[in-house]
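Colleague: Residues per chain, in single letters:
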Amino acid sequence: MPPAPTSFLPLKPVELHLLLALADGDLHGYGLTLAIAERSDGLIRLAPGNLYQVLKRLLADGLVAEAPRSASNDDSRRLLYRLTALGGRVAAAELERLRALTSSATAKALQRKWAT
Amino acid sequence: MGDMMPATISRAARRAFAALSRLYPTDFRRRFGDDMRSLFDDQLMDAERAGRLSVARFLLRTFAATIASIGTAWWELVAPARTSGYTLPRGDGMTMIIGSDIRYAARSLRKQPLFTLVAIAVIAIGTGAVTTIASAINAMVLRPIPGATDPDRLIAFDRRSADGREGASASYHLYERLRDRAHTLTAVAAWSKADMTLSTGGAGRTVTGNLVSENYFAVLGLRPAAGRFFLREEDDVPLAHPVVVVSYLYWTVNLGRDSSAIGKPLWVNGDQYTLIGVAPRDFHGVFSPIRVDAWAPFAMQPHLRPQRDLADDPWLWLFGRLRAGVTRDAARTELTSIIAEHAAETGLARDYTKARIWTGFSLPEDAHVMFLSFAGVLFGAAGLVLVIACVNVASMLSARAMARRREMAVRAALGAGRARLVRQLLTESIMLSGAGAVAGVGVAWIASSLLESLPLPVDQSLMLELTPDPRVLAFAALLSIVTGIVFGLAPALRGTSADVATRLRQDSAASAGGKRRAGNALIVAQLALALTLLVTAGLFARSLVAGTSIDPGFEMSHVATLRMNTESWGYTPEQGRAFYRELRTRAAALPGVDAVSSTTVVPLTAQGSSTRIDASAFGGSAKLVVSMSNVDPGYFTVLGIPIERGRAIDATDDERAAPVAVINETLERRLVASSGGTAVGRTFGLGSRRVTVVGVAHDAKYDDLAATPPVVFLPLAQQWMPMQTILVRAASSPSALAPALDRVVSEIDPRAPHALVVPMEAATSVALLPQRVAGGFTAVLGAIGLLLASVGLYGTIAYSVGRRTREIGIRVALGAHSGKVLAMILREGMMLASLGLVIGLGLAAAVTRLVSRYLVGVSALDALTFGSMAALLAFVALAASYIPARRAAAIDPVRALKME
Numbered sequence: 000m001p002p003a004p005t006s007f008l009p010l011k012p013v014e015l016h017l018l019l020a021l022a023d024g025d026l027h028g029y030g031l032t033l034a035i036a037e038r039s040d041g042l043i044r045l046a047p048g049n050l051y052q053v054l055k056r057l058l059a060d061g062l063v064a065e066a067p068r069s070a071s072n073d074d075s076r077r078l079l080y081r082l083t084a085l086g087g088r089v090a091a092a093e094l095e096r097l098r099a100l101t102s103s104a105t106a107k108a109l110q111r112k113w114a115t
Numbered sequence: 000m001g002d003m004m005p006a007t008i009s010r011a012a013r014r015a016f017a018a019l020s021r022l023y024p025t026d027f028r029r030r031f032g033d034d035m036r037s038l039f040d041d042q043l044m045d046a047e048r049a050g051r052l053s054v055a056r057f058l059l060r061t062f063a064a065t066i067a068s069i070g071t072a073w074w075e076l077v078a079p080a081r082t083s084g085y086t087l088p089r090g091d092g093m094t095m096i097i098g099s100d101i102r103y104a105a106r107s108l109r110k111q112p113l114f115t116l117v118a119i120a121v122i123a124i125g126t127g128a129v130t131t132i133a134s135a136i137n138a139m140v141l142r143p144i145p146g147a148t149d150p151d152r153l154i155a156f157d158r159r160s161a162d163g164r165e166g167a168s169a170s171y172h173l174y175e176r177l178r179d180r181a182h183t184l185t186a187v188a189a190w191s192k193a194d195m196t197l198s199t200g201g202a203g204r205t206v207t208g209n210l211v212s213e214n215y216f217a218v219l220g221l222r223p224a225a226g227r228f229f230l231r232e233e234d235d236v237p238l239a240h241p242v243v244v245v246s247y248l249y250w251t252v253n254l255g256r257d258s259s260a261i262g263k264p265l266w267v268n269g270d271q272y273t274l275i276g277v278a279p280r281d282f283h284g285v286f287s288p289i290r291v292d293a294w295a296p297f298a299m300q301p302h303l304r305p306q307r308d309l310a311d312d313p314w315l316w317l318f319g320r321l322r323a324g325v326t327r328d329a330a331r332t333e334l335t336s337i338i339a340e341h342a343a344e345t346g347l348a349r350d351y352t353k354a355r356i357w358t359g360f361s362l363p364e365d366a367h368v369m370f371l372s373f374a375g376v377l378f379g380a381a382g383l384v385l386v387i388a389c390v391n392v393a394s395m396l397s398a399r400a401m402a403r404r405r406e407m408a409v410r411a412a413l414g415a416g417r418a419r420l421v422r423q424l425l426t427e428s429i430m431l432s433g434a435g436a437v438a439g440v441g442v443a444w445i446a447s448s449l450l451e452s453l454p455l456p457v458d459q460s461l462m463l464e465l466t467p468d469p470r471v472l473a474f475a476a477l478l479s480i481v482t483g484i485v486f487g488l489a490p491a492l493r494g495t496s497a498d499v500a501t502r503l504r505q506d507s508a509a510s511a512g513g514k515r516r517a518g519n520a521l522i523v524a525q526l527a528l529a530l531t532l533l534v535t536a537g538l539f540a541r542s543l544v545a546g547t548s549i550d551p552g553f554e555m556s557h558v559a560t561l562r563m564n565t566e567s568w569g570y571t572p573e574q575g576r577a578f579y580r581e582l583r584t585r586a587a588a589l590p591g592v593d594a595v596s597s598t599t600v601v602p603l604t605a606q607g608s609s610t611r612i613d614a615s616a617f618g619g620s621a622k623l624v625v626s627m628s629n630v631d632p633g634y635f636t637v638l639g640i641p642i643e644r645g646r647a648i649d650a651t652d653d654e655r656a657a658p659v660a661v662i663n664e665t666l667e668r669r670l671v672a673s674s675g676g677t678a679v680g681r682t683f684g685l686g687s688r689r690v691t692v693v694g695v696a697h698d699a700k701y702d703d704l705a706a707t708p709p710v711v712f713l714p715l716a717q718q719w720m721p722m723q724t725i726l727v728r729a730a731s732s733p734s735a736l737a738p739a740l741d742r743v744v745s746e747i748d749p750r751a752p753h754a755l756v757v758p759m760e761a762a763t764s765v766a767l768l769p770q771r772v773a774g775g776f777t778a779v780l781g782a783i784g785l786l787l788a789s790v791g792l793y794g795t796i797a798y799s800v801g802r803r804t805r806e807i808g809i810r811v812a813l814g815a816h817s818g819k820v821l822a823m824i825l826r827e828g829m830m831l832a833s834l835g836l837v838i839g840l841g842l843a844a845a846v847t848r849l850v851s852r853y854l855v856g857v858s859a860l861d862a863l864t865f866g867s868m869a870a871l872l873a874f875v876a877l878a879a880s881y882i883p884a885r886r887a888a889a890i891d892p893v894r895a896l897k898m899e
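Protein chains in written order, with numbering that gives the first Met the number 0: chain A, 0 to 115; chain B, 0 to 899.
Treat the hints as calculated values from the structure; they're not laboratory data.
It cannot be assumed that every hint is accurate.
[Claimed, not checked] Okay, derived cross-link-like pairs now, DMTMM-like style, lysine to aspartate or glutamate, Cα gap no bigger than 20 Å in a straight line:
(1) B/Lys353 <-> B/Glu75
(2) A/Lys55 <-> B/Asp33
(3) A/Lys55 <-> B/Glu554
(4) B/Lys622 <-> B/Asp350
(5) B/Lys700 <-> B/Asp550
(6) B/Lys353 <-> B/Asp308
(7) A/Lys55 <-> B/Asp26
(8) B/Lys700 <-> B/Glu554
(9) A/Lys11 <-> B/Glu75
(10) B/Lys353 <-> B/Asp162
(11) A/Lys112 <-> A/Glu95
(12) A/Lys55 <-> B/Asp34
[As the list claims (entries may be wrong)] Interface residues of chain B toward chain A, partial, derived using beta-carbon atoms under 10 Å:
(13) Phe16
(14) Asp45
(15) Gln111
The C-beta atom is built at its ideal place from N, Cα and C for all residues, glycine as well.
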């Protein structure tokens with residue numbers, strides 16, 4: 000039986016960003032860093048070692064898999080990464096968790112009071 | 000051209016990144032290395048497009064992040080943060096695993112109690128040695144002033160000559176100027192020494208006291224343990240408020256910690272004072288290792304230090320508190336300008352125009368540089384023992400890991416990852432080193448209390464608080480974790496390498512084969528380090544012998560010394576002169592006394608002082624810096640120093656006669672270098688006086704055993720000094736005279752403090768104190784190092800014999816006789832020993848040069864020491880390998896072959 004997606008929560012922000020980036024399609028390392036930087040408004044810029052450490056963890060957990068090499072891969076030297084079904088479910092569960100969090104009455108009250 | 004530069008830079012950056020990425024754990028590197036490098040290339044190109052500044056920012060960030068991520072990658076290998084969702088429960092899973100690691104480690108260490116105990120003892124000795132020296136350094140230079148508020152902002156300062164070499168204390172006028180004008184400091188306080196004899200009525204006790212500005216305690220931020228500190232008005236009118244503060248120690252020992260003693264009279268140097276307060280516990284003055292037990296305000300100076308004044312006499316030491324946000328440099332600049340302005344306006348001490356600052360130390364800067372370099376030698380020696388201990392334990396752990404390869408293989412086969420196994424072994428070694436460090440702090444505690452009780456042959460009470468404090472304990476804790484990881488990691492990685500299948504197949508003997516070279520290297524390293532320690536210890540021992548046999552140029556074996564300060568019990572100069580005259584007369588009349596004299600400087604006790612004389616009458620250089628002693632008639636007779644030319648100082652050289660001096664041969668040689676002849680009958684300038692040389696004394700040692708400096712001997716009768724040492728030449732033992740001398744002192748004045756009589760041989764032994772301490776310390780450490788190294792060698796050879804039992808059995812079965820087997824095993828041991836010997840001698844030659852300034856009468860490359868210590872090491876190594884070799888020679892081939 001595969002593990003329940005909720006058993007992986009909460010995800011680290013960088014993990015969620017990475018899964019989201021892969022949701023749009025397979026990417027290699029460089030593409031991932033660009034997509035993550037863009038989505039986080041430049042907040043998260045990954046150095047090579049850091050990116051691959053996160054990838055290693057997600058690969059080991061089965062949330063991400065290496066994509067088979069294909070013609071669409073513009074640079075055949077590089078490995079492409081792909082979101083697994085489990086990864087998709089985990090990301091969805093994390094988003095749902097965040098949605099529940101942001102839509103709580105307290106969170107809304109806080110935003111009204113402090114948001115700039 | 001513009002593109003050339005970035006191209007070179009980016010090539011270098013790529014190469015650097017490739018090199019750096021090699022530091023990732025193997026698995027990680029194999030899987031992601033190439034990808035990481037191409038990602039780096041892409042990111043670098045992006046940055047280059049954005050400009051040079053971005054490249055710099057990118058490189059800085061990426062390299063920092065990479066180094067950090069290498070660390071995490073290794074850490075995750077040892078302690079995986081999360082593997083997969085379902086093999087480990089999330090949440091407290093990690094704590095559970097660590098908990099089970101610790102339980103398992105404890106169990107497996109308990110199973111081998113001998114190994115565990117020996118390992119802990121070895122680590123305890125190593126960390127204990129290092130911690131002892133660390134606490135001494137901590138006590139002497141690092142420990143902040145006890146009880147002081149915000150000690151980091153306290154600075155001490157004095158004035159220096161323009162070249163920074165000569166220093167001078169401050170006058171009261173300079174103190175006032177600095178106090179009123181320095182804006183970089185929130186406050187400036189001043190202090191100086193004053194011997195005080197305290198009494199509640201009966202016979203007094205002389206302690207080291209301080210005269211201080213009224214704000215002294217306030218600037219330090221101290222709170223009284225009882226009573227109060229000085230008020231501003233108590234430092235206003237001279238002699239109007241005789242008040243005194245005593246140390247917590249004095250209050251406890253002499254006043255029974257009685258709060259009702261506060262506000263009561265306390266006699267200080269014969270006059271009635273009021274005890275107003277008690278300093279906080281452990282506080283004994285600032286910026287000086289000498290223990291202070293009483294404080295009085297400067298307004299009492301006319302009574303306590305009548306020779307000094309509160310005007311332009313330079314006798315004060317200063318400290319202050321830095322204003323928040325002000326740097327030391329800013330303070331130095333401001334203080335320098337005030338000092339220079341003072342010199343220019345007053346025309347006094349014009350040579351001293353710079354400020355020198357030091358912080359938070361219990362020793363003045365000069366002294367702590369000296370102390371630190373000496374402590375560095377001892378720290379190095381202790382460090383060597385720690386390294387030997389670590390290497391020793393590493394080889395023990397290594398052997399143990401090899402022996403447990405099958406256990407590890409079984410656990411691996413049952414599903415334990417390598418990371419898990421490595422972590423298990425690391426847990427064991429950190430537990431060992433932790434236990435060792437705890438025991439090591441115990442060792443340091445004992446060693447420190449031995450050091451503290453070391454009788455110092457000086458008449459000042461030093462404050463040496465050696466008990467390990469939190470700083471030292473933190474140091475020991477850090478040391479244990481670092482050593483645990485450093486000497487545990489390699490054996491753990493090695494013990495868990497190779498894959499499960501091969502390991503399960505191999506038998507224990509064969510598997511250990513190729514790994515022996517590393518073990519041998521560890522033994523060679525231990526032997527080499529032990530030899531280094533032994534040679535150092537030998538050189539110090541030889542220095543001691545040579546030092547004691549150096550002819551000081553005077554005869555001290557039957558001389559008793561008695562140091563007194565008549566000012567300390569309130570005598571005027573006239574009363575002081577009369578007291579010393581009476582004391583000399585009565586002492587000379589005692590049975591068993593041959594001769595009596597007195598001096599301000601007892602040679603070889605570091606009491607020396609120097610002055611400048613004007614030698615222009617001799618031609619050559621006008622100003623000459625010379626050492627100075629003030630002596631009474633009979634000085635040269637008591638110490639047996641021959642007068643080469645002219646006459647000695649005699650009773651006619653009193654305050655009414657013309658100023659005269661006796662000089663030593665070294666000074667005469669220097670004076671007459673250009674004119675020739677003798678100096679007798681000629682004059683030199685000393686301050687405003689012309690002094691006639693009446694005699695030349697044979698050279699004798701002055702402050703230390705190094706070369707004799709030029710010395711001027713001036714008659715005490717022509718220059719009053721309240722602090723003198725009476726020298727008494729006895730017919731027999733000088734210490735037997737102590738009770739009689741003490742009686743004489745109290746007969747002359749019952750209020751005078753008890754006399755402390757020290758045989759001159761004991762007093763001068765301070766000259767060889769560094770050699771004595773270093774010699775004793777390195778000898779103990781060298782012996783420990785030798786013991787550890789030889790046990791290590793024994794273990795290695797014994798292990799090798801055990802491993803080769805079958806091979807040896809076959810050799811014997813094929814006709815090798817036992818002598819040949821013995822020789823074979825001995826050769827193995829001696830190979831290692833001679834390698835260690837060669838490396839050790841080289842290492843020792845390099846190291847002993849560092850300690851050469853502490854060697855007396857022996858070269859840093861003394862062949863005898865090197866040779867004898869090498870022989871000692873070779874002999875011990877031979878003995879260590881002889882025992883297992885004997886066992887090998889006695890192997891019974893039939894039983895050995897049956898073992899399979």
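Colleague: State for each hint whether it applies.
Modeller: Tested hints:
{"no.": "1", "hint": "B/Lys353 <-> B/Glu75", "result": "56 Å, violated"}
{"no.": "2", "hint": "A/Lys55 <-> B/Asp33", "result": "14 Å, holds"}
{"no.": "3", "hint": "A/Lys55 <-> B/Glu554", "result": "81 Å, violated"}
{"no.": "4", "hint": "B/Lys622 <-> B/Asp350", "result": "14 Å, holds"}
{"no.": "5", "hint": "B/Lys700 <-> B/Asp550", "result": "8 Å, holds"}
{"no.": "6", "hint": "B/Lys353 <-> B/Asp308", "result": "23 Å, violated"}
{"no.": "7", "hint": "A/Lys55 <-> B/Asp26", "result": "11 Å, holds"}
{"no.": "8", "hint": "B/Lys700 <-> B/Glu554", "result": "11 Å, holds"}
{"no.": "9", "hint": "A/Lys11 <-> B/Glu75", "result": "16 Å, holds"}
{"no.": "10", "hint": "B/Lys353 <-> B/Asp162", "result": "9 Å, holds"}
{"no.": "11", "hint": "A/Lys112 <-> A/Glu95", "result": "24 Å, violated"}
{"no.": "12", "hint": "A/Lys55 <-> B/Asp34", "result": "12 Å, holds"}
{"no.": "13", "hint": "Phe16", "result": "8 Å, holds"}
{"no.": "14", "hint": "Asp45", "result": "8 Å, holds"}
{"no.": "15", "hint": "Gln111", "result": "36 Å, violated"}
Of the numbered hints listed earlier, those contradicted by the structure are 1, 3, 6, 11 and 15.
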